[in-house]
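Enquirer: Here the protein sequences come in this chain order: A and B. When the count follows this note's numbering, it moves up by one through the first sequence with no breaks and lands on 427 for the last residue. When the count follows this note's numbering, it moves up by one through the second sequence with no breaks and lands on 323 for the last residue.
What you were told as hints is all true, and nothing was included just to trick you.
Derived pair list, reagent style DSBU-like, types lysine-lysine, alpha-carbon separation capped at 30 angstroms:
id: 1; chain 1: B; residue 1: Lys190; chain 2: B; residue 2: Lys146
id: 2; chain 1: B; residue 1: Lys146; chain 2: A; residue 2: Lys235
id: 3; chain 1: A; residue 1: Lys50; chain 2: A; residue 2: Lys178
id: 4; chain 1: A; residue 1: Lys340; chain 2: A; residue 2: Lys353
id: 5; chain 1: A; residue 1: Lys235; chain 2: B; residue 2: Lys149
id: 6; chain 1: B; residue 1: Lys149; chain 2: B; residue 2: Lys190
id: 7; chain 1: A; residue 1: Lys182; chain 2: A; residue 2: Lys50
id: 8; chain 1: B; residue 1: Lys140; chain 2: A; residue 2: Lys235
Keep in mind the hints are simulated off the structure, nothing from the lab. The model shown is predicted, which means the values in this text are computed figures rather than measured ones.
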Amino acid sequence: MIAFLALFGDAWRRARDRRSVVVLLLVALLVAAFCASLEFAHPDPRESLKNQLENFSRRTRRGPASFMNVATLRRMPRVDARAPAAEDDLPLGLDHVAVADLEIADLEDFDRVARSLRGGSGPGRGAAPLTVRQRMDAIAGFLRDRGWETVITRARDDAGASLFVAASTEHLAELEGKWRFKLFFGAAEVPIDSMSPAEVVLDVQRTVARLLAGVAGMLVLLLAFGSTLPDLMQKGSLDLLLARPIGRARLLLFTYAGAVLAVLLVTASIYGVCAVTLGLRSGHFSAAFVAAALPTTAVFAAVFPVAMLVGLVTRNGNFAALAALACYGAADVVASVREKFVESGIADESTWKPVLEILWWITPKTGEIATLGALSLGRSELSAAGFERFRQQLPAAADMATPYGTTALFAAFFLGATILLFRRRDF
Amino acid sequence: MDPATDAAGAASAIAVADVHKTFRGGVHALRGVTLAVAPGEIFGLLGRNGAGKTTLVKILLDLVRPTRGATRLLGVPSRLPRARRDVGYLPEDHRFPDYHTAESALCFYGGLSGLRGAPLRARAGELLARFGLANARRRKIRGFTKGMKQRLGLAQVFLAEPRLLFLDEPTDGVDPVGRAQIRGQLEELKRRGHTIFLNSHLLSEVEQLCDRVGILDQGTLVRCGTIAELTSAGARFAVAAADPIPAAVVAELGALAASVQVTADGVEVVLDDEAGIDAVVDLLRARGVRLRGLTRRRHSLEQVFLSSLRDAPPDPIPGSPAP
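Please model the entire structure based on the sequences and the hints provided.
Expert: Here's what the structure looks like:
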């Protein structure tokens with residue numbers, strides 16, 4: 001343990017001396033400053049409901065003005081046990097309730113849009129009309145997809161042309177609606193009507209994570225730590241190390257673990273600063289964002305042994321870092337090609353299919369790990385319904401075990417090869 | 001004898017048994033080296049550049065693996081990391097990571113030797129003060145002079161208070177005052193019972209410090225013994241007299257000695273037995289020669305070293321046998 005701490009401290013000093021970490025921390029400061037410049041205006045529930053219903057209307061042939069008449073739109077106070085809901089006999093205990101009365105001008109057109117929402121374009125005019133229940137479900141489903149947790153619909157007439165809608169949510173930050181998102185301390189304003197504030201916060205977090213776990217971040221991290229082994233192996237320097245009462249395998253393992261721990265601390269600090277800044281600005285504090293440092297570190301830990309092996313053979317730190325980065329890039333390319341050609345079924349008959357499959361299995365799954373990281377971030381940040389909506393936006397990720405397992409095997413193979421070579425060599 | 005495996009070898013501080021090393025490319029660096037260094041001894045290893053001195057030290061420290069043979073440090077096979085637990089090493093061309101300060105470098109190497117916390121920092125401070133680097137403790141090593149780096153190298157050797165020290169050219173790059181200080185340190189260590197294995201080209205230094213010396217030539221240990229044994233010139237004495245010794249007396253000395261040579265201040269006699277010097281002195285006194293000095297002649301270590309090399313310069317020691 002003492003030897004490990006010594007090697008960890010040495011890795012940290014080396015990285016600091018190479019100034020790559022300083023660059024990384026400067027980038028982190030810029031990102032934190034950017035986060036601090038953001039302003040979030042949470043959408044008003046009533047405005048959100050109105051906006052969403054208008055969005056529904058835009059899908060019709062006649063447009064928002066003529067298809068649906070939002071006759072009344074009221075925001076209800078939180079209903080509690082002492083003040084029973086008076087309006088239309090709503091259930092107790094709802095948060096942020098908004099209600100609306102709808103008059104459907106063209107039932108046939110409404111039915112066409114409702115069918116298309118359920119999947120496919122649906123039959124055009126001439127198809128059997130939807131039942132009143134189906135119309136109410138269509139509106140309810142549309143609103144739930146936009147962040148409402150509870151949607152109550154009631155028909156005011158037998159034909160279902162006049163509907164009452166009440167929607168509520170406990171998670172106002174996950175509600176899509178028309179709101180304004182300000183950047184650079186109000187210098188720029190972005191109107192948003194299809195994302196919730198929570199989704200925007202999550203998007204900023206994922207952008208920061210992509211920055212670190214992406215090519216640029218990996219380049220800086222590998223330049224900072226990739227030369228660890230070549231530096232240790234400099235003539236006259238290695239003698240001082242190997243003369244200590246520590247085995248060669250342990251020395252390499254500790255060097256690896258020290259660099260990985262240093263990267264974990266750097267990334268966790270960067271994520272931590274961003275999480276606090278974003279939390280202060282958005283009111284949406286995310287401890288889980290700090291944990292997103294783990295997948296980023298896992299990506300580094302997967303490609304760092306490549307830098308170690310190349311560094312051992314060439315004794316050139318920059319070359320080692322670039323080789324690891326090339327491996328990272330190649331893994332990304334393999335995953336993309338496989339997704340396009342194999343998973344889509346295009347390559348089913350191709351002789352390249354087994355080659356692509358083998359390449360996919362033996363390369364680190366950096367992309368999948370990033371997706372799994374985003375998923376776990378979403379799972380801890382959003383409500384169950386919000387997470388379900390978020391999950392649908394991401395590429396389909398494999399199970400947890402395959403990407404992490406095969407990536408760990410990849411890292412273990414290179415680390416093992418490095419140790420084997422290091423143990424056999426004369427210095 | 002197999003010093004690396006027998007009981008005597010286990011008791012030795014350093015035991016080397018029939019060690020061979022052939023590098024890739026067919027370079028034979030060592031050819032069957034066998035030696036033992038006793039605890040508390042200062043052993044000097046001499047040899048030309050490329051003789052295999054550094055390879056032998058590196059094999060002892062497991063930096064290089066022998067092609068054949070066995071080695072032990074303090075009774076433990078030197079392949080095992082624990083064999084180096086009580087060992088300090090100063091490589092010839094050592095190079096500290098230049099992003100460290102003097103203090104952080106010592107703490108780093110101390111940590112690898114199992115030291116930690118406040119005692120380690122205190123020990124580092126003490127050593128930096130002892131080697132005249134107290135004022136540079138927080139300076140980056142990249143700004144150090146060669147002498148400062150050498151002194152820092154020595155400081156790291158003493159970190160864990162090792163019982164066995166390997167020093168490769170310890171005074172290289174150090175000024176005369178520093179050299180004297182280092183010699184003092186080594187003598188102090190010897191008094192405290194530490195074992196020192198010294199590689200040096202400075203024969204005078206080796207002569208002053210070492211109990212025993214080995215001479216390595218082309219991978220073979222050609223000579224090994226105490227300084228007295230190696231430099232002994234047999235029963236050769238120089239007799240200094242106040243006045244020139246008369247030729248008749250010199251002729252009489254010829255009957256007592258194997259050879260007699262008149263010198264500027266007396267005579268030099270070579271005897272069959274060192275006890276014969278009494279008869280020589282008696283004769284000279286009986287003939288009224290006023291004696292002023294009597295010195296036993298020795299070869300210099302340089303002469304011994306040069307004469308031990310296979311392609312030695314011609315006749316470094318008159319009459320010495322080829323190795």
